[in-house]
Amino acid sequence: GAVVSQHPSRVICKSGTSVKIECRSLDFQATTMFWYRQFPKKSLMLMATSNEGSKATYEQGVEKDKFLINHASLTLSTLTVTSAHPEDSSFYICSAGTSGSHTYEQYFGPGTRLTVT
Amino acid sequence: AQSVTQLDSQVPVFEEAPVELRCNYSSSVSVYLFWYVQYPNQGLQLLLKYLSGSTLVESINGFEAEFNKSQTSFHLRKPSVHISDTAEYFCAVSGGSQGNLIFGKGTKLSVKP
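Chains A and B, in that order, are what the protein sequence lines are. Add 214 to a position in the first sequence, counting from 1, and you land on the number used in the working numbering. Add 36 to a position in the second sequence, counting from 1, and you land on the number used in the working numbering.
One or more of the hints may lead you astray.
[To be verified] Simulated crosslink set (PhoX-like; lysine-lysine; CA at most 20 Å straight-line):
hint: 1; chain 1: A; residue 1: K234; chain 2: A; residue 2: K278
hint: 2; chain 1: A; residue 1: K255; chain 2: B; residue 2: K105
hint: 3; chain 1: B; residue 1: K144; chain 2: A; residue 2: K256
hint: 4; chain 1: A; residue 1: K256; chain 2: B; residue 2: K141
hint: 5; chain 1: A; residue 1: K255; chain 2: B; residue 2: K144
hint: 6; chain 1: A; residue 1: K280; chain 2: A; residue 2: K269
hint: 7; chain 1: B; residue 1: K105; chain 2: B; residue 2: K85
hint: 8; chain 1: B; residue 1: K148; chain 2: B; residue 2: K85
hint: 9; chain 1: A; residue 1: K228; chain 2: A; residue 2: K269
hint: 10; chain 1: A; residue 1: K280; chain 2: A; residue 2: K228
hint: 11; chain 1: A; residue 1: K234; chain 2: A; residue 2: K269
Simulated from the structure, these hints should not be mistaken for lab results. Treat the numbers as computed from the prediction; the structure is a model and nothing was measured.
Using the sequences and the accompanying hints, generate a full structural model.
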């Protein structure tokens with residue numbers, strides 16, 4: 215089956231620093247990748263959609279200058295949390311989908327737990 | 037716009053008891069429906085999905101869900117749960133504006149011995 219990896223799985227950083235999270239599709243080409251944020255006791259909230267080779271589309275309320283997304287290849291998308299603050303602490307999950315699929319099937323990464331101190 | 041409602045935030049049950057996790061959706065168009073399971077500190081794993089055809093879909097570990105168009109529901113059931121089924125379960129529907137899935141808030145299933 216399709217496998218999506220995320221790195222790192224856990225990261226602790228100091229307030230004011232930047233953190234990069236990688237999302238890779240290991241055995242398929244992902245034309246579209248989605249970044250979600252999961253708050254405690256709440257559902258997954260879509261942050262942005264990235265398509266290979268183009269700018270990401272951000273959901274309302276998500277600061278694009280704070281959450282930088284790059285989808286440089288068909289197997290890699292990165293999310294960089296810039297100038298992180300404690301309120302950015304969360305569980306970030308990526309998913310990948312393929313073009314031409316009409317089933318909206320997505321394959322999820324294992325998530326990255328970010329803690330900002 | 038599509039939305040998903042999971043009415044039960046927590047469902048505690050005893051081992052070997054049956055369980056039903058409820059999911060209702062709203063949509064004006066045809067949808068695809070999914071159930072995902074999330075174990076502690078892990079990502080989401082696809083449990084089962086409805087795309088077309090038979091309205092009853094099953095997973096390999098004994099869960100099943102039935103698509104009911106008239107009631108706009110996709111409830112998840114298992115006749116006898118195990119302690120290892122303890123996890124959070126998310127219902128999702130296709131059709132987000134970006135091709136993304138739209139998730140319910142999740143139901144935490146706790147199976148007790």
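- Message: So if I understand the rule, the pair passes when the alpha-carbon distance is 20 Å or less; does B/K105 with B/K85 pass?
- Response: Distance ~15 Å between B/K105 and B/K85 Cα, so the pair holds.
- Query: Between A/K256 and B/K141, is the straight-line Cα distance small enough, at 20 Å or below?
  - Reply: holds (5 Å)
- Query: Holds or violated: A/K280 with A/K269, Cα cutoff 20 Å?
  - Reply: holds (15 Å)
- Message: Next pair to validate is A/K234 with A/K269; report whether the Cα-Cα distance is within 20 Å.
- Response: holds (17 Å)
- Query: CA of A/K255 to CA of B/K105, is that 20 Å or under?
  - Reply: violated (28 Å)
- Query: Given the hint that A/K280 pairs with A/K228, does the C-alpha gap stay at or below 20 Å?
  - Reply: holds (16 Å)
- 20 Å limit on alpha-carbon distance, applied to hinted pair A/K234 and A/K278: Holds: A/K234 and A/K278 sit about 14 Å apart, inside 20 Å.
- Would you mind confirming whether the straight-line C-alpha gap from B/K148 to B/K85 stays at or under 20 Å? violated (27 Å)
- Pair hint outcome, A/K255 versus B/K144 [Cα-Cα no greater than 20 Å]: holds (9 Å)
- Does A/K228 pair with A/K269 here, judged by a C-alpha cut-off of 20 Å? With a Cα-Cα distance of about 28 Å, the restraint between A/K228 and A/K269 is violated, given a limit of 20 Å.
- Hinted pair B/K144 and A/K256, Cα distance within 20 Å: The hint holds at about 11 Å.
In this structure, the hints that do not hold are numbers 2, 8 and 9, in rising order.
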